[in-house]
Structures are given as C-alpha cells and as structure tokens.
Amino acid sequence: MNPHGRAAEKPKYRAIIFFATIVWAATVLYGGNLLWTYKTTPSAGATAPVMWPENVPVRFDPARANLVLLAHPHCPCTRASIVELNNLSATLRGKLAIHVFFLRPAEFDEEWVKTASWDSALRIPGATVHIDEEGLMAARFGAVTSGQAVLYGHDRELLFSGGLTAVRGHVGEGAGVDRIVSLITTGKSDSSESFVFGCSLLTPNTPQQGGTL
Amino acid sequence: MTDVNEFAGAPDEAAREMAISARSEALFNETRQRRYERVDRMFVYLMLAQWVFGIVLALCFSPYGWSGKIKQAHLHVQVAVFLGAALSLFPILLAYLRPGWVVTRHVIAINQMLWSALLIHLTGGRIETHFHVFGSLAFLAFYFDWKVILTATVVVAGDHFVRGIFWPESVY
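Respectively, the protein sequence lines represent chains A and B. Sequential numbering of the first sequence, starting at 1, is according to the working numbering. Sequential numbering of the second sequence, starting at 1, is according to the working numbering.
Among the hints, erroneous ones may be present.
What the hints assert, rightly or not - With the Cβ distance kept under 8 Å, some of the chain B side facing chain A (calculated, not the full set):
| id | residue |
| --- | --- |
| 1 | Y64 |
| 2 | K69 |
| 3 | F82 |
It is worth saying that the hints were derived from the structure and are not from the lab. Ideal Cβ positions, reconstructed from N, Cα and C, are used throughout, including at glycine.
From just these sequences and the hints, can you work out the full model?
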C-alpha cells in the first residue's frame, strides 16, 4: 500500500486503460459526429406550387393565411414539428387556417395513421387533421419530406415553404417558425424557405426510378 | 515568573499531538478513499441502468425511420447501443480496475454529462430531460470533491459554448 492508500500500481492495467481510452475517445468522437450530422443534415424540400392547388379537398379560407403541414404518422422527428405547429398556432391566435395531412399508404389501414403525432395534431387549436390517401396531397403540394409546411396568403399565393424545426427531431425556436410569424404579422420575412427535417414521404423503388408516394 | 512545571513533559505533549494529528490525517484519508470507492461502485450501477434506459428510450421514442411505407432501424437505436456502451463501459472498467483513483471519478463525471447530452438528443430536446444534468451533479456531489463538479460543469459549459457557435438554435 502506498502513502495515498492505493494498492501498488499494476503495470498490466496501464495497457488496458490506455487501449480502453483510445476506444472510448474514438467511439465518442465518431458517434457524436454521426449524431451531429444526422441532426443537422436537412432532407429534401418541397417544390410547392406558387398558387394554392385547385384540386385540394379542403376549404381554402380567404380571410386569413392557410398553412398545410404534410406528415408521416410514424416519423419520430415530426413530433417536434407538431409541437412547433402548436406553438405557432398559439402565437398567431386565429390568424392561420391550419391543415395537417398524415400519409396513409394503400397497404395500411386508418388505424396505422392514428399515432401519437395524429393525437397531438388533433389538439392544436384551429387545426384540421386529415388522412392523406396514398400521399395525393403531399404530391399536390410537392412535399417529399415529413414535416414540410407550406403557407399560402389570403390571395392563394405561396408565402413560405419549409420546415418548422431548427434541427431534426428537436423542439425549439427555428427559422421556419420565425419566418412564418414574421410573414403573418408584418407581411415580410428575410426568406420564404427553411430546411425541412424528417422522414421521406416517398417509398423508394430503385435509384433510377426514384421514390413513389 | 514562569513555572518550569508548565513545560514539564512538553516535548512528549508535542510528540503526542503530532502523532494524533498524523493518525487523524491517515483516518481521514482512509475514509475519503473508501468514499471514493463506494461512490465509484454506485456509478457502476447507474451507468448500467442509464445504458439500458437509453436503449429502451430509443426503442420507445424512435425505433424506426421511415421512407413512405418502408421502415428501418432508427439511428437513435444504434447510437444508444454503441455510443451508450462507450459512455458506460469505460467508466465501469475504470471503477473496476482502479476504484478510488482520481482519474476514475473525473472520467465518470465526463461520461455522466455526456449521458445527459445523449439522453437529451434521444428525447428530441425535451426540457424534462435536461434535469438529468442537475440530478447527475447531485450524484457527483457524493464524492465530496469539488474538482469533480468542476469537471462536469466544464463539460456542459463547453458543449453549450461550442453549440452556441455552430448550432445556436439547439441551445437557445
């Protein structure tokens, strides 16, 4: 026993500890970088039509701006988008007509769609929640990523297209929400877009064919 | 006038006091060392529990990523398993090989804070998960070693500083 009350140092443990430290540092750096990249890499944005599409089975409200959120019911990241949509609704207090469309591929029934995200969307004041049969609404609004929001002014012109979260799957203030609030309250914004973070609404076929809704 | 008797046995008294002082210090060091080892063992169980909890959390909150109607294992599950393994097994190894060592408890402090960061990510930045940081500091306080709290604080402050520069929306 040495003066510090420790057993005499065993040289063999030094090698183990050194090797373990290297493995630990490499894993933490690699895993941290992987997580960071995943969280901050946006998904594909929408090619939204510049005017509110004609063949949309929801009533356009000409008295206020209309916001449509396209979502995948099982996308974990979209939970954060729903939370931000709720905050947006509370901030703008009746100045938005909100429609949330949840994708339902033909292979699944309606119960597949009614997830926690669906329930959360139902609780948003002023929001109407719909099932997007086989992704037709997503296609009409040019959305390919869950969490895509498109905002149309009372004149049916596209004002904003983008996501509501700052990073993937995280709640918290972001550029998308700030821009929508600015557009509604002041009529202008520094940009009409923001990054979208979420699962793909498209089912991949082959790389050559691209995805299908 | 000074009483000589006042100094009678003075050298023995001083020696006895020195002996008592040395023995007190030795007892204190032993007690402190046992405390370090005991808290290290406590963290072994906590690290294991956190690893299991992180995996369960990932499986409950984000088990799959989706592309239309196709699902695949979510990155969070893999991160919880492998990164969680690194964050838990390294301090457990040190606590097993070198209990009570000063490096062991500082490594535990660092990994405990990294666990807070990972759990916050796995839960999508929920405010409630941030309280894991404060709970961790409370557990680390059991070491009665202020430098360990300082290490943990530096890790959290450093994380917020770096993300405040590169990814400010994730902090504010």
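Are there hints from earlier that the structure breaks, and if so, what are their numbers? Structure breaks no hint.
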